[in-house]
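Note that the protein sequences, when read in sequence, are chains A and B.
Under our numbering, the first residue of the first sequence is numbered 1, with each subsequent residue one higher.
Under our numbering, the first residue of the second sequence is numbered 1001, with each subsequent residue one higher.
I should point out that these hints are in silico values taken from the structure, not numbers from a laboratory.
Where hints are given, some of them may not hold.
What the hints assert, rightly or not - With a cut-off of at most 35 Å between alpha-carbon atoms, the simulated DSBU-like pairs for lysine-lysine come out as follows:
1) B:K1098 <-> A:K97
2) A:K97 <-> B:K1181
3) A:K96 <-> B:K1219
4) B:K1017 <-> A:K96
5) A:K97 <-> B:K1171
6) A:K48 <-> B:K1171
7) A:K77 <-> B:K1082
8) B:K1017 <-> A:K77
9) B:K1092 <-> A:K97
10) B:K1337 <-> A:K96
11) B:K1272 <-> B:K1171
12) B:K1092 <-> A:K96
13) B:K1505 <-> A:K77
14) B:K1171 <-> B:K1082
15) A:K77 <-> B:K1473
16) A:K77 <-> B:K1498
17) B:K1389 <-> A:K77
18) B:K1098 <-> B:K1169
19) B:K1098 <-> A:K96
20) B:K1181 <-> A:K77
21) B:K1017 <-> A:K97
22) B:K1082 <-> A:K97
Fair warning: this is a prediction, and the values are worked out from it, not measured in the lab.
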Amino acid sequence: MTDVKRKTAKSPASKAPSARASTVANREFWELRLYVAGQSPKSLTAFKNLKKICEERLEGKYRIEVIDLLENPQLAKGDQILAIPTLVRMLPTPIKKIIGDLSNTERTLVGLDLQPVNPSGRS
Amino acid sequence: MAKRRNTVKRGLERLTKLPTGIRGFDEITGGGLPEGRIALVCGGPGCGKTLFGMEFLVHGAVDYDEPGLFVAFEETPEELEKNVASLGFELKDLERRKKLIVDYIPVERSEIEETGDYDLEGLFIRLGHLIDSIGAKRVVLDTIEALFSGFPNELILRAELRRLFRWLKDKGVTSIITAEKGNETLTRHGLEEYVSDCVIILDHLVRENVATRRLRVVKYRGSHHGTNEYPFIIGDTGISVMPITSLDLKYGVSTMRVLSGMPALDAMFGGKGFYRGSSLLFSGTAGTGKSSLAATFTDNACKNGETCLYLAFEESADQIVRNMRSLGIDLEPWVKKNLLHLHTFRPTLYGLETHLVAIHDLVNKIKPKVVIFDPISNLITVGAPSEVKSMLTRLIDYLKMQGITTLFTNLISSPNYLEETAVGVSSLMDTWIVLRDVESNGERNRVLHIVKSRGMAHSNQLQEFVITSEGIKFRDVYIGKGMVLTGSSRVVQEAQDKADELRRKQDVARKSQESQRNRKVIEAQIVALQAQLESETEEAQRFTEEEQLKDRISTLERDRLSIMRHSGD
């Protein structure tokens, strides 16, 4: 019963390297799981925001797995998903869970433990 | 142009109630919880909310074949299973048979960062999936307030809770939501606003060193319900709520009579004894013989093959048996034959309600014809008099409905209050006998008298009795010379009376003898006089005869002379 709908996003080959990117992001591979419920507006927003953040911060070293609970409700139990959308950072450990459509970037970064790029500015 | 709506006349929708299987609760609510609706159960920690929900599901699965879902936000399934295993609920077995699902959903604040708009659709999906997987008809969410600690955005949370309750109703399941009791509001987070169909409060008070649990139905939309606080206990088989059973005092009565084993006592009741199913009260000060009377009654009932349940609140069973031997009553054989069941309760050990339930259980198991409570005065140490009376009312009602004859002994502290009972239960009793010590001439004697006995004629006399080694013996009280005496005064007086009587008899005898002698004397006199009379008569006769002779002789002489004179010329 591990039939999950996957959407793997790959980062564009060329990307302006950000010298001040997080050191964590440079070293490790990120596994992210986004739990959604169908194509609801919140779910779509979350995916859009997530992709944006990953492209900016993770330089290709990431994989996003989208799990649609409407199709596989039993999977909610594994990660104890109550809120939709929920983003779970599987790797690197420790597991981090954040809820919401990720429109608050600062909070998202804090939740994912990604340092903001600009200490003074907000991106 | 506005289209005219066809208003369909809707008949009054009758609210169907789903039986919970929780003892006593379905009676209070007239059937159980509202079907297809949401009931809120709130209370402080340890009040029994989780157990209430669990019982609702277990009974639903076992007794009514309705699968259930238990969503635990605070306890793990293992903890839950352990907690209810002692009540005989085999959760694992029910889960195996797909009659129950216990789902643990931990909600931890520290884990969750809120980054924008969200909803709790995940919860809905999860619940929906579980409900559909076994076709659950009953759902318990324990405790919904855990969500508040997990999701700090109250606006979203409250909106979602409202949505959740609507969703549950639409799903057609009957749900119980548990919540913590709040300080000013009913629940800490004001959930009662959303759940308006049925609200139940549980609490757990400690009063006078005894803990009592109580349940109250605060709201039950669409149904009338008992609004009182009902005490309940959590016993061996789960929650037991004890409502006052016969609210309309309806129970069949018997006209059969039960003898007490003491003919003199039965005689005070017109010779036929007490009605079966009636309640008897023996009250008196210490040492007046209440327990002895009760034991005699018991002995007699057992002799007639009737099962008895003797509830001792003061003495141990062994002590009672031993003490009654000195009366010549041997209760041991009845115990062996299972006709007599002696149970000792230390009143202060448990709350009143625990006693009540324990007694209920015993009665159901043993099915006695007679139940003896010796004494009930101890129960006041466990609760306020009004509570004790309430408990006894329920108990007596229950026993009367079963046609069980009940006998109570009650200790009175002071002879001045003989015709009051400390718990005011005399109004519940059909027959009331007061035992007293009468003091006179430096000693105390036992008497009893009947204060009341509903439905039969009874004596109003004081009856003296003694407790001998051959049981209780009744003595007729001395009534004579306008006095009532008992004890040695009676004995003295009776002896006096005997002496008096003897003397009188002797007097009579003597007089009669005297008279007889006199008569003899007179008779003798009469005989003498008679003899005299006879001799006098004889004498008189002789005299007369003599005179007659003389007369004849003189006549003859005269004649001779006359003849001689005439012939001489």
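Q.
Checking each numbered hint in turn, tell me which of them this model violates, lowest number first.
A. Violated hints (numbers, rising): 3, 4, 10, 11, 13, 15, 16, 17 and 21; every other hint is consistent with the structure.
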